[in-house]
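Chemist: If you read the protein sequences in the order shown, they are chains U and L.
Read in order, the letters of the first sequence are residues 3 to 260 in my numbering.
Read in order, the letters of the second sequence are residues 3 to 260 in my numbering.
Please keep in mind that the hints were generated in silico from the structure rather than gathered at the bench.
None of these values were measured; they are calculated from a predicted model.
Among the hints, erroneous ones may be present.
A pair holds if it fits inside one copy or across any two, identical chains being indistinguishable in the list.
Below are the BS3-like pairs computed for lysine-lysine, each with C-alpha atoms no more than 27 Å apart in a straight line [what the hints assert, rightly or not]:
#	residue 1	residue 2
1	LYS117	LYS59
2	LYS32	LYS157
3	LYS117	LYS157
4	LYS53	LYS157
5	LYS113	LYS4
6	LYS62	LYS188
7	LYS62	LYS214
8	LYS32	LYS155
Chain by chain, the residues run as shown.
2 protein chains.
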Amino acid sequence: MKPKLTIVKIGGNVIDNPELLDSVLADFAKLENAKILVHGGGKLATRLGEKLGIEAKFHKGRRITDQAMLEIAVMSYAGGTNKSIVAKLQALGVNAIGLTGADGNLILSEKRAVKTVDFGFVGDVRKVDSEALRNLIQCGFVPVFAAITHDGKGKLLNTNADTIASEIAIACSDFFDTELLYCFEKPGVLANSEDGDSVISLLDAELYQRLKAENKVHSGMLPKLDNCFRALENGVSVVKVGSEKLLSDQNSGTKIQP
Amino acid sequence: MKPKLTIVKIGGNVIDNPELLDSVLADFAKLENAKILVHGGGKLATRLGEKLGIEAKFHKGRRITDQAMLEIAVMSYAGGTNKSIVAKLQALGVNAIGLTGADGNLILSEKRAVKTVDFGFVGDVRKVDSEALRNLIQCGFVPVFAAITHDGKGKLLNTNADTIASEIAIACSDFFDTELLYCFEKPGVLANSEDGDSVISLLDAELYQRLKAENKVHSGMLPKLDNCFRALENGVSVVKVGSEKLLSDQNSGTKIQP
Numbered sequence: 003m004k005p006k007l008t009i010v011k012i013g014g015n016v017i018d019n020p021e022l023l024d025s026v027l028a029d030f031a032k033l034e035n036a037k038i039l040v041h042g043g044g045k046l047a048t049r050l051g052e053k054l055g056i057e058a059k060f061h062k063g064r065r066i067t068d069q070a071m072l073e074i075a076v077m078s079y080a081g082g083t084n085k086s087i088v089a090k091l092q093a094l095g096v097n098a099i100g101l102t103g104a105d106g107n108l109i110l111s112e113k114r115a116v117k118t119v120d121f122g123f124v125g126d127v128r129k130v131d132s133e134a135l136r137n138l139i140q141c142g143f144v145p146v147f148a149a150i151t152h153d154g155k156g157k158l159l160n161t162n163a164d165t166i167a168s169e170i171a172i173a174c175s176d177f178f179d180t181e182l183l184y185c186f187e188k189p190g191v192l193a194n195s196e197d198g199d200s201v202i203s204l205l206d207a208e209l210y211q212r213l214k215a216e217n218k219v220h221s222g223m224l225p226k227l228d229n230c231f232r233a234l235e236n237g238v239s240v241v242k243v244g245s246e247k248l249l250s251d252q253n254s255g256t257k258i259q260p
Numbered sequence: 003m004k005p006k007l008t009i010v011k012i013g014g015n016v017i018d019n020p021e022l023l024d025s026v027l028a029d030f031a032k033l034e035n036a037k038i039l040v041h042g043g044g045k046l047a048t049r050l051g052e053k054l055g056i057e058a059k060f061h062k063g064r065r066i067t068d069q070a071m072l073e074i075a076v077m078s079y080a081g082g083t084n085k086s087i088v089a090k091l092q093a094l095g096v097n098a099i100g101l102t103g104a105d106g107n108l109i110l111s112e113k114r115a116v117k118t119v120d121f122g123f124v125g126d127v128r129k130v131d132s133e134a135l136r137n138l139i140q141c142g143f144v145p146v147f148a149a150i151t152h153d154g155k156g157k158l159l160n161t162n163a164d165t166i167a168s169e170i171a172i173a174c175s176d177f178f179d180t181e182l183l184y185c186f187e188k189p190g191v192l193a194n195s196e197d198g199d200s201v202i203s204l205l206d207a208e209l210y211q212r213l214k215a216e217n218k219v220h221s222g223m224l225p226k227l228d229n230c231f232r233a234l235e236n237g238v239s240v241v242k243v244g245s246e247k248l249l250s251d252q253n254s255g256t257k258i259q260p
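So here's chain U without its partners, still in its complex pose:
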């Protein structure tokens, strides 16, 4: 039987709230099996950019990463946020090691091809080195990933943290029984996006297709849920979406099923 590995992704709502972050890290510390944390960026990069007079650029809600913004993302995600989380986890007795995809060539990406819009230095994941990750875990380290990867040719790339989490979970399914937990600002997938009490406890592919056809899935949820189903179709055992309570309450959030 493969050993269990839990991959937890936390988003900006946790990163930007110091008390919530501390409580999430305390819950993460309590997970007894092998584990990996993936974090997004939060507002630090945007704030730093503003202070430096570098304007955040978006196309239809998606960030465009020019060279100046890439440097800010690397400094704030892989520097500020990542190392602060690592130090906090170490204080909780978790042997965290902070990483980007460039470190140990763990996540190789390709700069997104320019079609109609040039999103700049944004990477689409090509390969996760699950063997190297397994080695790190076997050495007793708990990987903590910032959402930065590289192209293997010397260029760092800003990369979607949800995708990094699902690609890690998929690749690590070679060696582990993997569980993927997406913590975000809602208590789960909602039947009615206005109503926090309308959490769908079990979402399978059929229901997802139906909800999509009825335009009942919030557009911001679509890429996240596509990542969830992709993970399930590629060897990941368990996928859940919900608030940070996913870490402490088995029955919290939405369980995604094939």
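Given the coordinates of chain U, assemble chain L onto it according to the supplied hints.
Modeler: Frame of chain U, contents of chain L only:
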């Protein structure tokens, strides 16, 4: 026989010069035995601080690290500089992994006690985990350290890069035949600090004491040379000080001897 391990420290003069940095990394890539790179910060932190309106504070030439400056140091050293070096080394075929002392609890420090001056969040190294470093090296990783450590209680600490390099070299002497190379802006220890051609090729403790007594050692060199002799007294086999040519030319620079 213990396997050979080379620890290379590069300073601001290399970090701040992109062409020189590329050439140093190319030479580092050619070293065939196990290796570790330690880098200082360069001007990125100072420039970032200036842009953010945070003034660098010094006491008799030594930096005072307040909370704002610590955050800038972590972002620029552990984020910007470290990850950029890692991506460049990966492109050269070196399986670099970027680290601070907080990662994997590799370098534990203590905040420097306040005597007459409070240097702020500055760490004095207490323990390097040589076994964890050996594990990383045995997994095929090449550690690249930014000069940031932690206190194990959740606080990151700015730490002298020369000291980090010598403490790593000393600790790793348990498992390796260690060589410590300090690359800096001069071609070696100079008999006359005004004359770049006056490199002392061999400096032993006796000569060092004599030069010190005669006030012939530049004051900025004293802590570096103290680190060198401390390393030699604690198990490090070879210590050299010089320009980046140390990496490609066996006869370059100053060899320090007990």
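Chemist: Could you check the structure against the hints above and give me the numbers of any it violates, in ascending order?
Modeler: 5
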